[in-house]
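Chains A and B, in that order, are what the protein sequence lines are.
In this text, residue positions in the first sequence follow my numbering: the first is 57, and each later residue adds one.
In this text, residue positions in the second sequence follow my numbering: the first is 57, and each later residue adds one.
Check before you lean on any hint, since a few could be wrong.
Since copy identity is lost for identical chains, a pair holds within one copy or between any two.
[As the list claims (entries may be wrong)] In the DSSO-like style, the derived pairs of lysine-lysine whose C-alpha atoms are separated by at most 30 Å in a straight line are:
1. K727 to K679
2. K814 to K880
3. K428 to K573
4. K562 to K738
In case anyone wonders, no lab produced these hints; they're calculated from the structure.
2 protein chains.
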Amino acid sequence: MAQKFVYFFGDGKSEGGAEMKNLLGGKGANLGEMARLGLPVPAGFTITTEVCTYYYQHGRKLPPGLDKEIRSHMARVEKVMGAKFGDPKNPLLVSVRSGARASMPGMMETVLNLGLNEQTLQGIIAKTKNERFAWDLYRRFVHMFSKVVMEIEDELFGRRLDELKKEVGVKLDTELNAEQLKQLTADYMKIYKDHVGSAFPSDPWKQLELAIGAVFQSWNKKKAVDYRKINNIPEWWGTAVNVCSMVYGNMGDDCATGVAFTRDPATGEKRFFGEWLKNAQGEDVVAGIRTPQPINEESRSHGDDGSLPTLEKEMPKCYKELVRIYTLLERHYKDMQDIEFTIQNGKLWMLQTRNGKRTATAAVRIAVDLVKEKLITPSTAVKRVDPDQLDQLLHPMFDPKAKKNRIAKGINASPGAAVGKVVFTADHAVEMKAKGEKVILVRLETSPEDVAGMHAAQGILTARGGKTSHAAVVARGMGKCCVCGAGEIHIDDKNACFTVGDIVVKEYDYISLDGSKGEVYLGQVPVIDSEIVQVLRGQMKPKDSAIFGYYETFMKWVDAERVLKVRTNADTPEDSRMAVLFGAEGIGLCRTEHMFFDTQRILHVRRMILSDTVAQRREALGKIIGYQRDDFYGIFKEMGGRPVTIRLLDPPLHEFLPHEGDREKIAEVAKELGVSPDVVAKKIVSLHEFNPMLGHRGCRLGIVYPEITEMQARAIFEAAAKIKKEGGKVQPEVMVPLTGTVEEMRNQKAIIVETAQKVMAEQKVKFPYLVGTMIEVPRAALVANEIAAEAEFFSFGTNDLTQMTFGFSRDDAGKFLPFYVENKILPGDPFQSLDTAGVGLLMSMAVKSGRDARPDLKCGICGEHGGDPASVKFCHSVGLDYVSCSPYRVPIARLAAAQAAVEEREAAAKGKAVTTAGSAKKSARRPTVPVAKKATAKKAAPKKAAAAKAAPKKAAAKKPAAKKAAPKKAAAKK
Amino acid sequence: MAQKFVYFFGDGKSEGGAEMKNLLGGKGANLGEMARLGLPVPAGFTITTEVCTYYYQHGRKLPPGLDKEIRSHMARVEKVMGAKFGDPKNPLLVSVRSGARASMPGMMETVLNLGLNEQTLQGIIAKTKNERFAWDLYRRFVHMFSKVVMEIEDELFGRRLDELKKEVGVKLDTELNAEQLKQLTADYMKIYKDHVGSAFPSDPWKQLELAIGAVFQSWNKKKAVDYRKINNIPEWWGTAVNVCSMVYGNMGDDCATGVAFTRDPATGEKRFFGEWLKNAQGEDVVAGIRTPQPINEESRSHGDDGSLPTLEKEMPKCYKELVRIYTLLERHYKDMQDIEFTIQNGKLWMLQTRNGKRTATAAVRIAVDLVKEKLITPSTAVKRVDPDQLDQLLHPMFDPKAKKNRIAKGINASPGAAVGKVVFTADHAVEMKAKGEKVILVRLETSPEDVAGMHAAQGILTARGGKTSHAAVVARGMGKCCVCGAGEIHIDDKNACFTVGDIVVKEYDYISLDGSKGEVYLGQVPVIDSEIVQVLRGQMKPKDSAIFGYYETFMKWVDAERVLKVRTNADTPEDSRMAVLFGAEGIGLCRTEHMFFDTQRILHVRRMILSDTVAQRREALGKIIGYQRDDFYGIFKEMGGRPVTIRLLDPPLHEFLPHEGDREKIAEVAKELGVSPDVVAKKIVSLHEFNPMLGHRGCRLGIVYPEITEMQARAIFEAAAKIKKEGGKVQPEVMVPLTGTVEEMRNQKAIIVETAQKVMAEQKVKFPYLVGTMIEVPRAALVANEIAAEAEFFSFGTNDLTQMTFGFSRDDAGKFLPFYVENKILPGDPFQSLDTAGVGLLMSMAVKSGRDARPDLKCGICGEHGGDPASVKFCHSVGLDYVSCSPYRVPIARLAAAQAAVEEREAAAKGKAVTTAGSAKKSARRPTVPVAKKATAKKAAPKKAAAAKAAPKKAAAKKPAAKKAAPKKAAAKK
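Given only the sequences and the hints, what does the whole structure look like? Please build it.
So this is what it looks like as structure tokens:
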């Protein structure tokens, strides 16, 4: 067993460094790096993350040999620090902290002052000549150890402390004297014994062993698991343990402790920014017991009257040293740093440095500034902003200054901020909108019938359903704010109100929704467009915005890097306009069914559905075509010659009729249509489907009722002709949904092409157009070469493709999907981030075989994954031409696409190929740790995801090859 | 254009022959072959099927150059026959007939006597010296030409003939004299002119051109299209046209005509068997106007009193010649022949020979006899019986002699014959069964709730639903007779009866169902087991059966050829027993949910579903385990050590509860469970799914409720332990349903393995077992290598795999699937015969990548395709280890598997690989005909099915390679 488990740092030397983050965790790697840079770091050592992995793979046992290695490293620390662990005369005390690859704040609280016992305490007293200080350390240590290592309830200790203070008649901890602290320590030890069943361990080595075990155990505690889940950190990463010599900021007035950011983490401004406290230990700064002081004038907060003394003024030498160090660290790491320091008897010690967390605004500004400062290149800057974070900069938001009365919390289904009057039906929403009212549509859950109402509403609130519910999906598609699954609200249809506990919210009462937080507020919270949107809309001058200039520069770099085009999913001229402002280069998915739900039109749609003959159907369709043509004309106009992909009618026809049991609505519809309710009811029954997802929809409608396809094609082409006649440009791309066989494609294409030719002849004008298909049925991907013989483009409908590839109904998966994610059956929700191994393999197969048949085949994605950064990166890797997403996600997709291109280029430069699967997303697969002796069941599982192996031979997975095969421009017909 | 369109035959010479069937059609090829053999064939020529294809690809135009070729071939015919087409003195008359690759009886009626007009008629009169005969030919020609070529209503001619007979006061056509026939001819010509608008064409060449065009057009007439659809004949095959010199059996008493089979087509007995008529034309024999006479004593039918004169006696020389020829033909073709002959003035002419159609009994017997006669080898014999036809020999049948009163016709969903009392609910069926009554369950449609009732019933009749409806699928799975979609019946629940027109059938009235014909009879039609089943069951001695010995010999050869194993889908000991008699080598799918529906158990199942806690659920499951263990024990016992694959619970839980709206049933269930109806209703609502097919079912149940998996595994292993303790053999294979990710498999396998170990320890006995999975979700096939790391076997659930790969819900596809098949969007119903290009590609990928990860991975199929011959052949080609099908289809699958092996071996010997896709099924793809000048849109489509190309590199598709990689025996645990 030649493996090394422990890495030393200190005294200007280090066995590890920043490049070893995976092995040593972020904290350990950076401590090593700082030591290497010659910075004053208290000596210590790091136990690797591999030990953590071993620990979990071997029934929570530490590997043999670890103990020996720890002892030899401790000896080295002792030598550097001039003290000895457990020595009664000259004791070395240490801190024990976890440190994972990624920062996981608060995952495990640190154990400080480890190594104290009755004997070493005496050494401390002798060294510091401060009995009170020593007993204070000791009681703190017993408390922390009990709480963190033994998980004894914190409150027990707090209560004892309060009792003691009452007994002795003091208010503050600091007022307790040495004797009293000694008593407190004894009391704490009793609490320990009562709970653990044995005495508090006095052997420092035993203390250390228990603390290390506790750090590893903390990795699987609920709060750590939850944090990992939210932040997509795989369980198998594990945590490292850092054992570090203690230094003290609380040994007197020449001592201090503080934290600082090298730039402002909220705005990104270049100013050194931090807080400190004299004569204090680290946690005092953040705990809020004492008001922390600004380290310099620039760090004063608004409420600060200027009286709080700064470090700069109080300890100018140390401050100067700190400035030297932070400047060096920022130059070294080429990024804004979040640092922790302690001053012990006038000597500055660096306890930590890491890349600082920041807001989206700060991220963009810092990235741009660092380029200007020539610390990084624009390519690196592009990688410095998390695409998902960009969202914050774009969506409308509640005025941060406003007061809010939160009444319920649901799921943050679709971001944004919405304010409006409560209505309970879609029709009502439409009606109110027509009157110029802003409404929030509140429903138990939504169905396709509600789409017009959703469109009319400012936001949607549902009591049921998760992030993949109908409400959530449609709202995101519309870029509309939505809070769903707010289980606390009870809708009372009879009394036209909903209740949350005692609160009754009536129809027409105002509420506000925060779609990013999933919160519901009573009343009208003031909403503002984000600055960037205000500037884009021309409602604010660029120079009046602190961030717009940075955003613009940054996005310019983004666009320079990216290869993938970014389109938008938009069904209306308004959405199209917004998307263009956000940089959309076309429409990747224009759904026509939403247009069908409009109140003026649905009557004709229903008449069409109830038709018995082709002639009747044609007559009804004849009433709709004018509306559709106007829709398309408006969208073409907004898109100004950019390509517009229009999907033909997709949903099953029963979605346009009332529900089977809804007698009232059936009667109403029957009356409108002038038929008996029985006729409507019978039609509803005849259209009933057991599995509508797999039913009579998509091109199956257009094949059985070719006149629907013909009407839609005609509307599209007449609108195109009108644009051309007006001297405009237009590029319609007609998309056949749900194709599974080439014969379907052939059938629908024939109708579309014939209609195009007719319209061109009638209107005496030519326009370019393409005919292609969604690839959303697994079979389509499997026979892509056949289909590509007819289809001029593919657009992966990854929502349905994911449903069918997994056999998951998005509407029903709520019954098991959360359980699956929680229990690691799935690494994440495949409807949110593309399943690269399964669905992705189908995509790469289809791209490859489709381009075998038609080298200039245009390939895109229009499922919701088109706006998910990890999925966008995958799309880049399989050689798609574009991704398409909702308007507000366009900048996010642009950024993700740019990052994919940069990462690919960098990997190529390193001689490593970016693998198709798994590269975009942190892999859920736990690698086998070499130290494991027994092969576990997992070992038998092949390492590489299926995609990498089974994927069509070489080319498809790799961007450059696929690109070469597909000259982009050739596809468009002239 | 060097292509040859026309092929000559006659005078012992021929340009074509039997090997050119695809080009010349069956009739033309065989006429050529007979000519080559030196048999007396009237000279003629064949216009190829390629001309037909050209005709349809070029807007119904004949290729240039054809006319010239026809004329030069006609000249050769004229020379041989010593007469000239259109010559007034010595005219040659011809027949024009269609002739496709496969015999398509009645597709187009022949045009005889073509070449007649006022002038050539005189030549006939002069040659035959028989004016009446000549006019009779002429009027027949005008009639046939009008009817066949111009599609003038037959009745018009019949009516005119009747009128004329009345006018002249005769009863028979033969009583009309020459003058009257002349008048009739003139009248016919008037009818022609009235309908066509121009005079009857007198130019023989014009007649010929029109007749040839008509033959080609007949290829796409409804009756031809229908016939093709039923018999799976692709449209692009086209038909040939045979132009043949006329010979006459009606020129006097030394003339005759007849048809014969070289062996008995009903029984297969080796006896020359035929009918003839003196002085008659061919159609007289079949038209039934004159009673045909036996050609020999052996051909006399039962009703024949021996007075009808035989050809053998009347024309012994010709008969002897005929015997010589038929013997020669049978030896030459090595198969039973169906021949047509005409004797003109004492000279025998052979008009046709072809392999004769025969019953299943005859097919088996003839195949076996031909081997005994050393004409063919057993391998060839195996290919001689259509697997589907074998069905006839196995299913119970109505006594053919019984009288029947048919009251309705539905869809022949599941073959068999059933008689019983009508009941209208599943519960009622179960109740009656318990009383020993035989019942027919009559339902509007069935749902999973009805399964217990279906099992209890003799047969199922539904008013709604097609071949893929729930009733049909489940009934076929059970091997139970089912007629579904009998739209004429109206179920009147209130009055407990159903009506068909005026007929009222009450509860408890007897009806009989013929599942093979889809017919419903009033009363009890006597049912008998097929002879083979009677013998297999030991109810008849083998020697008392005319066919059993042949069947046994034949199936021995079948088993000697086949490589694929054949298992059965069986859920009960009875089904298992029957399947073993039919040769099943194991159970490939034992569904456990049917066991759950049993009345005694469903209460506990419902209690389990309503449980709120794991403890409650365990308690309810504890009530079920005993039943399940007994079920498995019974099945293991019957299977005597053969492998038994048991699928864990698959359907969504709501299937075990009443329907949402069924208040009555909900109240009943609530009462049984001792809870309020509201509790049951709420649970039903909470379990509701929009797309149950893609919902919370399969292993998703076992993962969320691991105690269900544990209970089922325990029941299986306890039953296995019991068998072992009794000294028996057992091989359980536990199958996880609906797996989509390896984590699911790992999760379920862990529970199963742990349970197995516990049971072995408790019972102190070891038994072998495997744990594997269904591959029925597309993703499972895509990540098969990952899953195979855990799964020890794969069983392709091609029902669900087809649903998800196509995105077709089997329950809903009735809305468009028939339209798709009718309109050639799909070549056939993919639920009946496997879609090799799409679903098949997933299968071949999965087999390959699964065996990459686990070389001894056992692969089988348990979808309904396992009993479809074409699909079985595909399964052979991708290297599966076994197919599994319902008991009655086991012999069919055995035969199909044997044929696949023979075909593969023969193809290999010829140096041709059997391609993976499309080989099993006639391809639906129309090849481009080389004579086509313009490339059609279809040309762009790549020729080979996707499977062949995209399929994992080499091995998977080819049996031998895959086999080598998978040593069979290794898989079983010891």
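Quiz prompt | Within, between, both or neither: K727, K679 at alpha-carbon 30 Å | solution = within (19 Å within a copy, 54 Å between copies)
Quiz prompt | Identical-chain pair category, K428 with K573, by Cα at 30 Å | solution = So K428 and K573 fail the 30 Å test inside a copy (35 Å) and across (84 Å) alike.
Self-check item: Intra- versus inter-copy proximity for K738 and K562 (alpha-carbon distance at most 30 Å)
Solution: between (36 Å within a copy, 27 Å between copies)
Quiz item: Between copies, within a copy, both or neither: which fits K814 and K880 at Cα up to 30 Å?
Solution: between (56 Å within a copy, 26 Å between copies)
Hint compliance for this structure: hint 3 is the single one not met.
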